[in-house]
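Asker: Fit chain W to the given chain A structure using the hints.
Residue strings, one per chain:
Number of protein chains: 2
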Amino acid sequence: MHLYDSTIPSGNAYKVQLLLAHLKISYQTTSLNIVATPSETRTESFLKLNPNGRIPVLVLDDGTPLAESNAILFYLAEETPFLPSDRLARAQVLQWLFFEQYSHEPYLAVWKFQTYWGDISRLAESEVKKLKEKGQAAIDVMERHLEGREWFVSEQFSIADVALYAYTCAAEAVGFSVGENVRAWLARVESVEGHVRIRKDPTGKCPL
Amino acid sequence: MHLYDSTIPSGNAYKVQLLLAHLKISYQTTSLNIVATPSETRTESFLKLNPNGRIPVLVLDDGTPLAESNAILFYLAEETPFLPSDRLARAQVLQWLFFEQYSHEPYLAVWKFQTYWGDISRLAESEVKKLKEKGQAAIDVMERHLEGREWFVSEQFSIADVALYAYTCAAEAVGFSVGENVRAWLARVESVEGHVRIRKDPTGKCPL
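Chains A and W are the protein sequences, given in the same order.
Per UniProt numbering, the very first residue in the first sequence carries number 1; after that it's consecutive.
Per UniProt numbering, the very first residue in the second sequence carries number 1; after that it's consecutive.
Extracted from the complex, chain A is given alone in its bound form:
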C-alpha cells in the first residue's frame, strides 16, 4: 500500500498511520507540500487519485486510490478488532466518524493549523471566535459521551477512538479545555499496545 501524506504533520493522515501501525501493515509514503501555492495535491496527476485534491489518499496494492481519512479507516478496519461486527455498533462508529469530520475537525484541525503554520492575526475576530467556540463544544460533546464509558462505541477500542484521538490529543496544547473523561480516554488510547505518536514536524514550528 502507498499512503499520500503531507510534509507537515496532518492529523487526518496520522489516523491512517496509527491504524496501520495497530494492524502491523507496512506501507510506503509520499509526502506532498500542502502549504505550497498551489498545493501539490492540486496537480493533474494527484487529482486522478482524488478529484477533491486532498490528502490522505491510500493507494491499494491493485492501484485503486481511496480518499477521505475516515473512509480509509473503515476500509482497513473491516473484519478486524478495530471495527465491531454488529450492524448497529458499526453505524455508531460511523456516527462518531461523521461527528469528527463535521463538528470536530473543521474547528480543532483548523485552529491547530493556524496556531502552528498559519497567522492567527490575519483571521477575522468572528472566525477566531467560531473556531474556539465550536472546537470547545465538540470536546464537550466527547466529555459528556465518555461519562461512564471507556471507549466511544461498544466498550472496545475502535476506529471511532482512532479518528477522534488524532486532533484531540493536541487540543490542550492549542488552548482548549479538556475535561477528566477526555483526558483519561486520551491516556487510554496511548496505552493500547502498538500506539505510535504523530511524527515530528520537520519545520520545527509545531512542538507536538
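In short, the hints are calculated from the structure, not lab data.
One should not assume that every hint holds.
Chain W stretches covered by chain A per the calculated footprint, using a threshold of three residues with CB under 8 Å from any CB of chain A [as the list claims (entries may be wrong)]: (1) 56 to 68; (2) 75 to 87; (3) 93 to 103; (4) 149 to 159.
Far from chain W by the CB rule (all over 10 Å, computed), these chain A residues [unchecked claim]: (5) GLU105; (6) LYS132; (7) ARG188; (8) ARG197.
By construction, the Cβ of each residue, glycine as well, lies at the ideal position given by its N, Cα and C atoms.
Answerer: Chain W in isolation, oriented as in the chain A frame:
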C-alpha cells in the same frame, strides 16, 4: 422507527426520508424548531438522543437513537441494493459520504439556509466568498467524477447518490453553476422508482 426532523425542510433529514421511501419503510416523525433560540435540539431530553444536539436522529424500534444523516443511511442500507456488498465499493461509498459532509454540505447547505431563512446581508464578504467558491468547487468535483459514469460508485444507485442529491438538487436555484454531467445525474436520481421530493417549506420562504 421514529425520525427527528426539523420544521423547516432539512436536506440532511431529507436524505433519510428519501432512502426510507425507497426501502418502503414506514416511520413516525417529530419536527423540531431549529431556528428558535435556543434550538429545540438543545433541550436536555434531545441531548440524550444526540449529545451533539442536531437533527436528523433516527430512533430504532428498540429505542436506540442513531445520529448523523450519513451514518443513518449506512445503517438502513446495509444488506440492501442501496449499498454495495463489496468491501472496496462500500469504502468508496463512504468516501463520497465523507466528501459530502466535509467539502459539500458545509457550503451548499449553509448557502441554501442563508438564502431562504437567513440574512445574507449580515454575512461578512469573506464568508459569502468562501461559501460560493467552496460550494462551486464541490459541484465541480462531482462533475469531473461523473464523466463517463451514471452513478457515483459501482454503476449502481446507492446511498452515495442519495446523500449527494439532497443539497445538489437545490444548487442551481441558489445560484451555483451545474454542469451537464451533474444535471443528467440529478434527472437520473429523480427517475429511480420510489423517488420522493423534499417536502414543502411550511413557512413559504423556500420555493423548492
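Asker: Confirm or reject each hint.
Answerer: Hint check:
1. Only when three residues or more bring their CB closer than 8 Å to a CB of chain A does the claim for the segment 56 to 68 of chain W stand; here the count is 5, and the claim holds.
2. Restraint check on the segment 75 to 87 of chain W versus chain A: 3 residues with Cβ-Cβ distances below 8 Å, three needed, restraint holds.
3. With 8 residues bearing a CB less than 8 Å from a CB of chain A, the segment 93 to 103 of chain W meets the requirement of three and the coverage assertion stands.
4. Counting residues of the segment 149 to 159 of chain W whose beta-carbon sits less than 8 Å from any beta-carbon of chain A gives 0, not enough to reach three: the coverage restraint is violated.
5. Distance to chain W contradicts GLU105(A) as a non-interface residue, since its nearest Cβ pair spans about 8 Å, not more than 10 Å.
6. The beta carbon of LYS132(A) sits about 17 Å from the closest Cβ of chain W, which is more than 10 Å, so the claim that it is off the interface holds.
7. Every beta carbon of chain W lies more than 10 Å from that of ARG188(A), the smallest distance being close to 19 Å; the non-interface claim holds.
8. With a least beta-carbon separation of about 25 Å from chain W, ARG197(A) lies farther than 10 Å from that chain, consistent with its non-interface assignment.
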